[in-house]
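For the record, the sequence lines run as chains A and B.
Just so we're aligned, residue 56 is where the first sequence starts under our numbering, counting upward by one.
Just so we're aligned, residue 14 is where the second sequence starts under our numbering, counting upward by one.
Note that these hints are calculated values from the structure, not bench results.
Any given hint might turn out to be false.
[Unchecked claim] Now the in silico label distances, taken between C-beta atoms and shown as ranges: (1) B:A37 <-> A:L103: 23 to 31 Å; (2) A:G115 <-> B:G557: 24 to 32 Å; (3) B:E303 <-> A:L103: 22 to 30 Å; (4) B:R404 <-> A:D80: 53 to 61 Å; (5) B:H531 <-> A:S107: 56 to 64 Å; (6) A:P57 <-> B:A37: 42 to 50 Å.
The structure presented is a predicted model; accordingly, all values stated were derived computationally and were not measured.
Beta carbons are placed, not taken as given, at the ideal position from N, Cα and C, and that holds for glycine.
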Amino acid sequence: MPRPFAPKIATANHLLEGDVIYFTDPGWSRDHSDAAVAQTVAEADALLARASQEPHLTVGVYLADAALVDGRPAPTHFREAFRTCGPSNYFHGKQAE
Amino acid sequence: MYTYTDFDRDFLRARVAEFRDQVARRVDGSLTEDEFKPLRLMNGVYLQLHAYMLRVAIPYGTLRSAQMRKLAEIADRWDKGYGHFTTRQNIQFNWPKLSDVPDMLDALADVDMHAIQTSGNCIRNVTADHFAGATPGEVEDPRITAELIRQWSTDHPEFAYLPRKFKLAVTGTEEDRAVIRFHDIGIRVRQQNGEIGYQVVIGGGLGRTPMIGKVVRDFLPRADLFAYLEAILKVYNLSGRRDNKYKARIKILVHETGVEELKARIEGAFETQKRLLPDLNPDVVNRIHESFAPPAFKETDFDPNTGQTPPLQAFIDTNTHPHKRADHLSVTVSIKPIGGTPGDATSDQMRALADIAETHAYDELRISHEQNVILPHVHRANLPAIYAALRDAGLATANIGLISDIIACPGMDYCALATARSIPIAQQIGEAFSDLDAQHDIGPLKIKISGCINACGHHHVGHIGILGLDRAGVENYQITLGGDGTEDATLGARTGPGFAYDEIVPAVERLIETYLDHRSSPDETFLALYRRLGLAPFKAALYGDTHAKAA
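Model the full assembly from the supplied sequences, consistent with the hints where possible.
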């Protein structure tokens, strides 16, 4: 049986700063909870297509699984959770901003 | 060491200007990411998890104090005040902005440094024994050969688009501190009837398919070095697999073709190359040889008891290596403070190391593949002053070769390819064994940690290897035992199922308890005990008796 569809967000890195960014449709945010959420496969495809239209601002756009917590998207995989805060050995990256 | 000519300097400046233009064209939209990515990789710029990363080449790990100071300046000016020394004797900056990278490269060019060929499917930085030119028992300083190879391979037009990356390492002694059996080509400098030549090993590597390199020439005369290397590279360039990046390294070609068949093809290509290429010019070799002449060693009468203290003696016992001169030593500065990040040095520490090298150690520094910094030539009379300066800089940890002298890749704290974190595991193991006396009691032990199967943390050759994986969305750590990256090249054997993030350090503690319980005497090292008893007692300690029998 195929796995049930998990809600998706579109994420990338900022071209100049390399920082993790999230597609807010339209626009981009540095905060995961601002991301626009796709609830179906068709919505996810469309979200990815729209997020990929600003290649002068972004690098490596992709879809990531998310869960809705109080109506806002939160990461479900540990890799995406690390991307929302930064490295664990220093207080650098998003957690320090 | 080798110093740049005007030609080298002009080439570097032109290359930086070219990259500055490429960055500008990416930013203004003239270049797509697909077009730009190979260009930035050729200049050492990666995009990692949280930011860009700039990998700077340190050829054969050798630095002058002015170069180390410049690395500190770059860390302060364009990064977050530190740098990460890698297992290929390079340094990485973890937080550059893309638009700053051309300025960083210009700053590097001020001190004859660059990031060329630190990424991409080309010949990478050539590494060498970190005690090169200083250790007893050396046929010749391996950096002479490494520098010859560096000059030959830099911007070599034929080998810019190989099937996959290509790494060479050179050692000048029978002991192997350069891990030559686990490189695409490993070279051991040898002497036969007064002539210098090479033992050549190919097809070693770690990664998802670890292989021990095979000897293809026991003695290659020096004059034939480039003809033979070109023959290997030509055969690999034509026959190496390009259909699957996981099968593209030369080790797979060696494995799939068979070493005898491949050797025959290489010898065939070599015959052709020998006709086309002139022998290596002895004048060129002599010029490079001279640039690696040893420093004018200080002749001083000194009393070895002057300034002696128990902590200094403990430091000397643990962190020094014999020098070819009896009145000198090589000092290994640990970049593994207890609970710290393996290989990370702050800009202040880099400046302290530069000052120490300039004042007390003939202005020379090395980076080891074990992510430490070496002062290769130290007069014994300078040891008290060096120890005091290292202590002031937080660099006097006396743990070289012990359980907390851990290699760890950046793992998922930085790397976009990682499947799990490595650094916090290294930090927690250091903290679990923080008592240095207990570390000395445990004795020589190499723990190596990788955060994915690409094995940048060399886990296959750790006495204890730890591999971090993603198992169904959770970090999971597999253990291998008995690996050895030295001349006794051995791949570690997997113990069984992996451990969760919060279970792996207790698992390592159980391995150490098992070793302490079973060793015949304190002289029997962890590795020796493993070779005597095998996996069984360790499996029992990790999984319990029942599981060990079932596994």
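Quick rundown of the hints versus the structure:
no.: 1; hint: B:A37 <-> A:L103: 23 to 31 Å; result: holds, 29 Å
no.: 2; hint: A:G115 <-> B:G557: 24 to 32 Å; result: violated, 44 Å
no.: 3; hint: B:E303 <-> A:L103: 22 to 30 Å; result: violated, 59 Å
no.: 4; hint: B:R404 <-> A:D80: 53 to 61 Å; result: holds, 56 Å
no.: 5; hint: B:H531 <-> A:S107: 56 to 64 Å; result: holds, 58 Å
no.: 6; hint: A:P57 <-> B:A37: 42 to 50 Å; result: holds, 46 Å
Hint violations for this structure: numbers 2 and 3, all remaining hints satisfied.
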